[in-house]
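Asker: If you read the sequences in order, they're chains Z and B.
In terms of the working numbering, the first sequence opens at residue 1 and continues consecutively.
In terms of the working numbering, the second sequence opens at residue 1 and continues consecutively.
FYI, nobody ran anything at the bench for these hints, they're computed from the structure.
Simulated pairs of lysine to aspartate or glutamate, DMTMM-like, Cα-Cα distance not exceeding 25 Å: (1) Z:Lys9 with Z:Glu43; (2) B:Lys265 with Z:Glu181; (3) Z:Lys109 with Z:Glu146; (4) B:Lys198 with Z:Asp293; (5) B:Lys88 with B:Asp113; (6) Z:Lys261 with Z:Asp180; (7) Z:Lys273 with B:Glu139; (8) Z:Lys298 with Z:Asp278; (9) B:Lys40 with Z:Asp267; (10) Z:Lys273 with B:Asp100; (11) B:Lys273 with Z:Glu203; (12) Z:Lys19 with B:Glu154; (13) B:Lys268 with Z:Glu245; (14) B:Lys298 with B:Glu308; (15) Z:Lys261 with B:Asp223; (16) Z:Lys273 with B:Asp214; (17) Z:Lys138 with B:Asp275; (18) B:Lys135 with B:Glu199; (19) B:Lys239 with Z:Asp215; (20) Z:Lys9 with Z:Glu67; (21) Z:Lys261 with B:Asp100; (22) B:Lys93 with B:Glu136; (23) Z:Lys273 with B:Glu199; (24) B:Lys9 with B:Glu42; (25) B:Lys26 with B:Asp275; (26) B:Lys273 with Z:Asp215; (27) B:Lys88 with B:Glu69; (28) B:Lys268 with Z:Glu36; (29) B:Lys239 with B:Asp223; (30) B:Lys273 with Z:Glu146; (31) B:Lys174 with B:Glu77; (32) Z:Lys109 with B:Asp275; (33) B:Lys244 with Z:Asp215; (34) B:Lys40 with B:Glu308; (35) B:Lys268 with Z:Asp196; (36) B:Lys273 with Z:Glu135.
Which stretches of chain B does chain Z cover? Using the computed rule of at least three CB atoms under 8 Å from a CB of chain Z, they are: (37) 176-188; (38) 194-202; (39) 215-229; (40) 268-281.
The C-beta atom is built at its ideal place from N, Cα and C for all residues, glycine as well.
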Amino acid sequence: MSIKLLEVKNLTTEFKTDKKSLTAVKNVSFYVNQGEVVGLVGESGSGKSVTSLSVLRLLPENGYISEGEVLLSQNNILNLDQKSIRNIRGSEIAMIFQDPMSSLNPVIKVGEQLMECTMLHLKHTKKEAKAHAIEMIKQVGISAPEDVFNRYPHQLSGGMSQRIMIAMALSCNPKVLIADEPTTALDVTIQAQVLDLITEMKEQSNIGVLLITHDLGVVAEMCDRVIVMYCGRIVESAEVSCLFENPLHPYTQGLIASVPKIGSGSDILPYIKGRVPDLSQMPIGCKFAPRCDGAIEKCFIEEPLLIQLDNQRQCRCHLVSERGERNA
Amino acid sequence: MRETLVELKNVRKQFLASKKFMEEKKYVKAINGVSFEIYKGETLAIVGESGCGKSTTGRAINKLIDIDEGEVWFDHENITNYSSHMMKPVRSKMQMVFQDPYGSLNPRMKIRDIVSEPLLVHTNLSKKERYQKAKELLEIVGLNEGHLRRYAHEFSGGQRQRIGIARALTVNPKLIIADEPVSALDVSIQAQVINLFKELQREFHLTYLFISHDLSVVEHISDRIGVMYLGHLVEITAKEQLYKNPLHPYTQALLSAIPIADPAKKKKRIILKGDIPNPIDLPVGCPFNTRCMHVQDKCYKIVPQLQEAASGHKVACHLI
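Only chain B is shown next, with the shape it has when bound in the complex (with noise of 0.2 Å):
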């Protein structure tokens, strides 16, 4: 049994919408009821289209939102109640990794500044230990030296985000989080820095969660993934089945949906009907019954629940 680093036990998070004088108050119910496992080493993918609840797992995790019900295990605690004051070591296990590559690296900092600030947060090393650190780890994601006393607005897209890698490394964390990290890049950048994301693992045995809404990308770095709709994980198993078997009606229509690269292939899409219901009035049953194709009366009535339908391959639909 491979051992588990982080643990989610059916957490719940909602966010006040709206609040009007004498009126009921409205949530934006972001997720409802996740629990899933992420094993040391291993690189989990939460795959979903926008507002289905994905980055706010990913914050719920390291405690930048606090859940409304459940729990949250990391490395063998119970880190839900954690105070932020408890939580600063187990922060240091735990690093972040944007998308935004020019919103997530403050323009006034140099870039020695900037990745050697988690070491000023977290450890007690002098100035000089400091800069030689972030100036090895600027070395590793394949910066060098001459870049150290620049600013942020001197680098490409591609070259912040690996900055902002260089910044997660510096605590030499257990666990990384990146929240769509290659979206604002371009394909060739993009290749570039997935490859970067591949390498560090091997060489610092890291575990990923790596949060995206493409599923083709996520197929080169994950070993596991998770697909999630209005809040709901609806589907997690290993990336091979997810690909070859795609049991969640809702899987294989994200699966075609994806336009491929080659136009010999060009095969019958499924078109889901319909947008995203709203989050505030979540549809009573199966979250996905307004656009399923297969609908039965037994959808609309009962939240159908995350069940195993072969080995280590979880669905959660009333057909399954």
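Pulled out of the complex, with its shape left as it was, chain Z reads as follows (with noise of 0.2 Å):
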């Protein structure tokens, strides 16, 4: 039985406004194990995000948790107070981020910033932070790492900064790894080398990953386990090789058929009709029922359960459930 890491337990945040409070994410519910990569993906506006923001507490200042818990090896983080939080990331569970060049600091040399996490999480001594940060540097397979250690972040580029994060994720030894889109501002052929070196720091640590991303080939080759959101919502839950085998939920197959695939030949590419719908403007029923070809008259009054179909899967749709409950 393996470990579960991080698990999260129907997670509802919601956003201020001037008139009212927006539901950004709702009653999600999932778990990372050690050594497993777990894919949360969906499009822009689906919540993936602000889901892992919320794990992490980083919520800008008018978003807020409204529910559910985040269990940390069996903490649960909503709990604490700031301090202890603080002490959490960085060192227990860690984060790299979609825009390496924005997330370094460009006034801070790249060696110093790698070494304030270890003397501020391992408390150690400017020495030793310093040979631990050309180690990590060499480690995520930078060459010439003094050399590295000493520039300013705009003299690295795209590929090497996310290398810097990832290198800077990793140097307190976090047991949860969560990147938010990691790969999505680098060209294919970095983008390569960088999914690379996430797999291999994840088979040499052992940590879990909670991988999001919208670029479902990166998915299938990185993931173990995957996730669809939609809207807020989990809709689809499976294990990667069912997920695109035998995809469920319309929404899934809908967005597995639109993927540009090469040598297909087909002419027309299928597509989803429509729009992801306003936050502030959700349809009553299933959410994606306005786009969805198969919509019944239920979809569009009663919103459908997530259902749990066997151990690995879940999906929330009533014609899928419905369709169970006749062959049972």
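With the hints as a guide, dock the two chains, each given alone in a separate frame, to form the complex.
Answerer: Structure follows, in structure tokens:
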């Protein structure tokens, strides 16, 4: 039995606006095991980034968690005060952001930014921290680590900065790594390098990774399990091979079909009609119903529940659950 | 023989990067001797990573930038040295669709004014006629009359890109230069816009230059594909050839680096070492020699020229 490192239970995150509060994430539950890569997939506005920010409690000022628990090694970190959560960030759970260029401080040398983390969490002396930082730079595959240690972020390329971000995230041996679109800003050949590095680091230190992405190609190559989000809700979750072989939710089906595939030879790309609804104007029933080809009357009235189909598989769709009942 | 609409002959462009007192001026070499043709009615895709000069190439064609060397031909005219006044009638035949649907629409103009503006510049139509045309075009790209009086911020990314396309179509252009038109959009919306591009091409007999970093998007729209690296065109051929039989080592690596949305097809990737060299100090010889795994002595000395390896399949590599 593998160990659950991170468990999120019934997480609901809301944002206060002038008129009312908007629900960005609703009743999201998932877990990340040791040595596992879990993918969180969705389009913009699906709530995947808000979920990850909620886990680290890094929400902007008008955002708040109205319900739920985030268990990190069985402790609910939502009850901790600011000081204790700060001790956890970086040491127990670390995060890599999308844009490596703007995540590094432009006026501090790369090496010093790397030292900060270990001096704070592992109580390293300056000398120890420097040795550790250089070791980490070497580990993420940068040649001439001493040279890079003394550089400023603007002197590094996008791929190099993302390597530094990974080195920084892993320098205090966290148990869980959250990677929010880690390769979206990078070119394909550099993306391949960085994805390889994340896999390698995961295997070396046996951490759990929560990979947030919109790219189904990245998911297929990296993840063990996948969670698909739409409008702040989990619509389907499954093992990666099951999801791609037999997607159940109409949204997942549409998403997989609309990815351009090399060698498909088809002339017209399949697509999902319409667009993601605005947070303030959510449909009443199933949030996907207005874009769904198979929608029945029930879909517009009643929101479906997330049904556990088997051990690893969940799906939120009236059509799927009715089909299941008929078969049973 | 197919008719040529655009032809670039050995085009070079460099930008001034730094000018310090008493120091040698430094230049970013954006395009280094690029030659290709675009045939009437086809879609040519130019693919490459950031900084490879693909956008600069697009801008060289409609003369948003002036080139340093070489020639640009459009519709049997040599437009290389045209002044902006002389370019005006030519520009109405080539329109552009930009990457960022948020930045390319004026936030203070109503959609009908944005879409009909090219008509104001290029034709003598009355206001009523212009609005009528704007209405027709919005319907063609899948929006409706009700959208005419709205402002850009009221639209989603996909809808804005449709507005950008409608604007490009107003003056009945022959060529549309689309610079990363779908890379800012979500996957499900991306597919809608690509399909729209294809429909419009059939309906209006358009020629496209489709600039993109994504080889998998390009497959659905293009007839021929050119791959650029560091300001050089390294390979150009028909779409089927490029995917089936890529010859340049860079094209091979680029194709293998694309993550495939199918876990059953886990394949061995070619992982390129290192980063793209700085375009200020280009490597001597082949531009790809710092990252190529088949590199030979010759590659460090002589820049390989684009040569025909098979019918219609040109590659710039010493090994071929």
